[in-house]
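*Asks:* Residue numbers for the sequence shown, in numbering that gives the first Met the number 0: 0 to 423.
Misleading hints may appear alongside valid ones.
[What the hints assert, rightly or not] Lysine to aspartate or glutamate pairs mimicking EDC-like chemistry, simulated, CA-CA at most 20 Å apart:
#	residue 1	residue 2
1	Lys386	Glu324
2	Lys314	Glu324
3	Lys35	Glu106
[To be verified] Ranges of calculated distance between the beta carbons of each label pair, as one might list FRET restraints:
#	residue 1	residue 2	range
4	Val43	Gly384	46 to 54 Å
5	Arg233	Lys156	52 to 60 Å
6	Lys156	Arg403	45 to 53 Å
7	Lys370	Ala391	55 to 63 Å
8	Gly111	Gly210	31 to 39 Å
9	Ser397	Asp292	47 to 55 Å
It is worth saying that the hints were derived from the structure and are not from the lab. Please read all numbers here as calculations on a predicted model, not as lab measurements. The beta carbon of each residue, even a glycine, is placed where N, CA and C say it ideally should be.
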Amino acid sequence: MARSTARDEWRASGIRLLKKMLERPNLSLSAAIANKAIKQYGQVAKPLQLKTVVNLARGCNVILLAGTRFGKSRISELYHNLTPKESKAVVVVLNPLDALGDNQVLEKKQAGFTAINLKFNPMEARKITRGEYNFVYVSPEIFLNSQLFTQLYFLPKFQNRPSLVVVDEAHLIYQWGRVKSKRGRANKRKTSAHQRLEDCGVFRPSYRNLGQRLLACNSAPILLMGELTCPEIRIVRVAMKGSLQSCADLSNLYAPASEVPNDQVPPMLIYSGTQRKTGKVLEVLAAARGMPDDASNTRSKLARQYHSCTGENDKTICVEDFGNERFPVVSCTMALGMGQNWKRVQSVITMGRADPSAICQMIGRCGRNGKPGLAIIFVEKNQFGGKNNLPAFEEGDSQDNDDRMDALALTPVCLRIALAIDNQ
0 MARSTARDEW RASGIRLLKK MLERPNLSLS AAIANKAIKQ YGQVAKPLQL
50 KTVVNLARGC NVILLAGTRF GKSRISELYH NLTPKESKAV VVVLNPLDAL
100 GDNQVLEKKQ AGFTAINLKF NPMEARKITR GEYNFVYVSP EIFLNSQLFT
150 QLYFLPKFQN RPSLVVVDEA HLIYQWGRVK SKRGRANKRK TSAHQRLEDC
200 GVFRPSYRNL GQRLLACNSA PILLMGELTC PEIRIVRVAM KGSLQSCADL
250 SNLYAPASEV PNDQVPPMLI YSGTQRKTGK VLEVLAAARG MPDDASNTRS
300 KLARQYHSCT GENDKTICVE DFGNERFPVV SCTMALGMGQ NWKRVQSVIT
350 MGRADPSAIC QMIGRCGRNG KPGLAIIFVE KNQFGGKNNL PAFEEGDSQD
400 NDDRMDALAL TPVCLRIALA IDNQ
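Can you build the whole structure from these sequences, using the hints too?
*Replies:* What follows is the structure, given as structure tokens:
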């Protein structure tokens, strides 16, 4: 966790925290927050949760990186409890996906708070101005581009409401913003790390413009939350024998349906770099299972596809049916996964070289049930325009994401260390 220098007297106007809390030294404040957590949740707060809340209370902007199931959403609740009820303080939360906001609104209501996932209109604007909601979830597009929200945001009456601004999935600010700005070698190399994942980031370019607006929040502290992959994942890198376009290597992982029925196939997500390849994956799986016609069955009991151009109704059915264990495999792009917390996913497969940060994000979607997950990274032996052998990497040379992408496919090291995902 990284934080700025503490500022004890940090609010000239707007929401002030309870004076009796702010007057406590850090250790005493942490103990008081811990006692509140036990009373409210019946659970002991984690040390990093307490440290984060204390730093926010001191007016620090905080970057929090924590693993799945850590309890990041509880931090804003513990912080909100430090504000006087009569102040009607508002916590503004930026979410990259509506589904994520819907889930968190439900969680907040169950915890006894008022919350809304903002579909912005004048009536809701008036309610927010009056402080009727403790938590307001909003997309980056509304936060930046909605004229109505902009008018509300800069009203003096509203500027005195926010006690905290939270950016969820904050690790995507860099990733998605960089896709939009096309910095680095992305405009020079067709095999660039930032161009190999078709649905990665292009649908949230607004993230790169958040900085200036975040600073205009009347000195309310900012909490940036990013997620680390679960540590209970075994990572296996496999050099492809066939071509990436054919996806033929996948056929070695699946026995015929006559030997292993669909309900015994381990639940998994197979990530491809393009929408077209998600269909190719379905063809390979169907052939390996001895059911070639199944590749075109949109209600298959084995595998279905999901990408940004999948119809909205089909997306909903795919997500619901997979969650309800009606089929075991999803062939997808990075359009799938954000806002989902499936505990049934035992394995994740990634097809081809890709940005290591994106690979971390993809493989982190397995092993969420407390049992070890399996990640299989299929990589091409050779990539046109890339670095395909160790001598191509010269000691002392600066590296960008393209170099790191190629190095991940070649370097004979422990992948858990290379990806730096073991956060225990």
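*Asks:* Please go over all the hints and tell whether each is borne out by the structure.
*Replies:* Against the structure, the hints:
no. : hint                        : verdict
1   : Lys386 x Glu324             : 41 Å, violated
2   : Lys314 x Glu324             : 15 Å, holds
3   : Lys35 x Glu106              : 18 Å, holds
4   : Val43 x Gly384: 46 to 54 Å  : 53 Å, holds
5   : Arg233 x Lys156: 52 to 60 Å : 54 Å, holds
6   : Lys156 x Arg403: 45 to 53 Å : 48 Å, holds
7   : Lys370 x Ala391: 55 to 63 Å : 39 Å, violated
8   : Gly111 x Gly210: 31 to 39 Å : 33 Å, holds
9   : Ser397 x Asp292: 47 to 55 Å : 51 Å, holds
Hint compliance for this structure: hints 1 and 7 are not met, and every other hint is.
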